[in-house]
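Single-letter residue listing:
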Amino acid sequence: MQAQHLPHVSQETEAIEDRRIVSGVLAKDRKATAEFVAQCADWIYPFVRRRLIPRAELIEDVMQEIMVAAWQALPNFRGDATLRNWVMGIARHKVEDYYRKKIRELELAVEDDSLPEHITTPAFEQQLDSVSQQKKVQRILTMLPEPYALALIWQYRDEKTVREMAQLTGKTEKAMERLLARARKTFRRRWNDDHV
Amino acid sequence: MTTSDFDDLSVLLSNPEQSGGRAPSSLKARLYSALIRKQQESGPLASLDATVSAGHEICIFEKLVQIVPVGETAKSPFFCEICHSRVLAEHFDQAPIFWPGCPYVKFKEP
Numbered sequence: 001m002q003a004q005h006l007p008h009v010s011q012e013t014e015a016i017e018d019r020r021i022v023s024g025v026l027a028k029d030r031k032a033t034a035e036f037v038a039q040c041a042d043w044i045y046p047f048v049r050r051r052l053i054p055r056a057e058l059i060e061d062v063m064q065e066i067m068v069a070a071w072q073a074l075p076n077f078r079g080d081a082t083l084r085n086w087v088m089g090i091a092r093h094k095v096e097d098y099y100r101k102k103i104r105e106l107e108l109a110v111e112d113d114s115l116p117e118h119i120t121t122p123a124f125e126q127q128l129d130s131v132s133q134q135k136k137v138q139r140i141l142t143m144l145p146e147p148y149a150l151a152l153i154w155q156y157r158d159e160k161t162v163r164e165m166a167q168l169t170g171k172t173e174k175a176m177e178r179l180l181a182r183a184r185k186t187f188r189r190r191w192n193d194d195h196v
Numbered sequence: 197m198t199t200s201d202f203d204d205l206s207v208l209l210s211n212p213e214q215s216g217g218r219a220p221s222s223l224k225a226r227l228y229s230a231l232i233r234k235q236q237e238s239g240p241l242a243s244l245d246a247t248v249s250a251g252h253e254i255c256i257f258e259k260l261v262q263i264v265p266v267g268e269t270a271k272s273p274f275f276c277e278i279c280h281s282r283v284l285a286e287h288f289d290q291a292p293i294f295w296p297g298c299p300y301v302k303f304k305e306p
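If you read the protein sequences in the order shown, they are chains A and B. Quick note on our numbering: the first sequence kicks off at 1 and runs consecutively. Quick note on our numbering: the second sequence kicks off at 197 and runs consecutively.
Just chain A, same shape as in the assembly (with noise of 0.2 Å):
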């Protein structure tokens, strides 16, 4: 019987922590600001890192952002969902951001397309392991042209749908298909002429 009031206990235990941690982050206390920056980052790093790497430069810069508007926004904080729920929210917008932005940065002749996708069919080296192919897979991230990794990243770690990322980036879902389209083929491309 106890044990059916330890998640309501916990629940409530966290709301009362995290009201903690906010009131002393709105106060400008410095320890309290040290808590909360621990946490945070703690939540945000594996979210953020999965959606950057291999541009690991950038993941700093994301999660700076990420951290001043969260402190920014807090005052609005009203604890109907957690801390945890409530940062992970504004992490999620400020990464689609960077997306946005740079997917809509592209300009169309940055790579050259002329080459249909169906003829680039990637070899796939059954031989290689998994380590080998996805310092393979970051290297070949790294050497594509920022939106078309970003636009990989997007669809096939984040799950997005072509239709979520053209509303997201304000293209048509045409467009994006396009675009998508020529990242696919850019990528295979670089994968098969990848003999290092």
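Worth flagging that the hints you see were computed from the coordinates, not collected in a lab. What you were told as hints is all true, and nothing was included just to trick you.
Pair ranges (Cβ atoms, derived): (1) R104/A / L284/B: 39 to 49 Å; (2) A81/A / V266/B: 35 to 45 Å; (3) R163/A / P306/B: 36 to 46 Å; (4) E237/B / R139/A: 33 to 43 Å; (5) G217/B / S10/A: 12 to 22 Å; (6) V207/B / E12/A: 36 to 46 Å; (7) E268/B / N85/A: 29 to 39 Å; (8) Q11/A / V266/B: 35 to 45 Å; (9) R163/A / E268/B: 49 to 59 Å; (10) E305/B / K174/A: 44 to 54 Å; (11) I256/B / S130/A: 41 to 51 Å.
One-sided and incomplete, this derived list gives chain B residues near chain A with beta-carbon spacing under 7 Å: (12) A230; (13) K234; (14) L241.
By construction, the Cβ of each residue, glycine as well, lies at the ideal position given by its N, Cα and C atoms.
With chain A held as given, fit chain B onto it using these hints.
Just chain B now, kept in the frame of chain A:
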């Protein structure tokens, strides 16, 4: 694009290298310093007296400032700005710093 091509790319790209769940302590240290500087742009930080009253532990250097008979304003600056612990913590994940009450030391804790 065939379904098989799609699957191949999907498998390749959906499986980035595994990373630890926690943020590196040096990253936390830099984020903390940046956020505190941002907080200072809109006015002074809470004084050390207020921090202690809220139940937080302060480091030995902050303690020295706190017991000095000066006004609250003099106890509000970000003293870590001139501390070697901050510099070390921002550059090394296992920085050799061990002061109790130091936020940069706490970032190293699992």
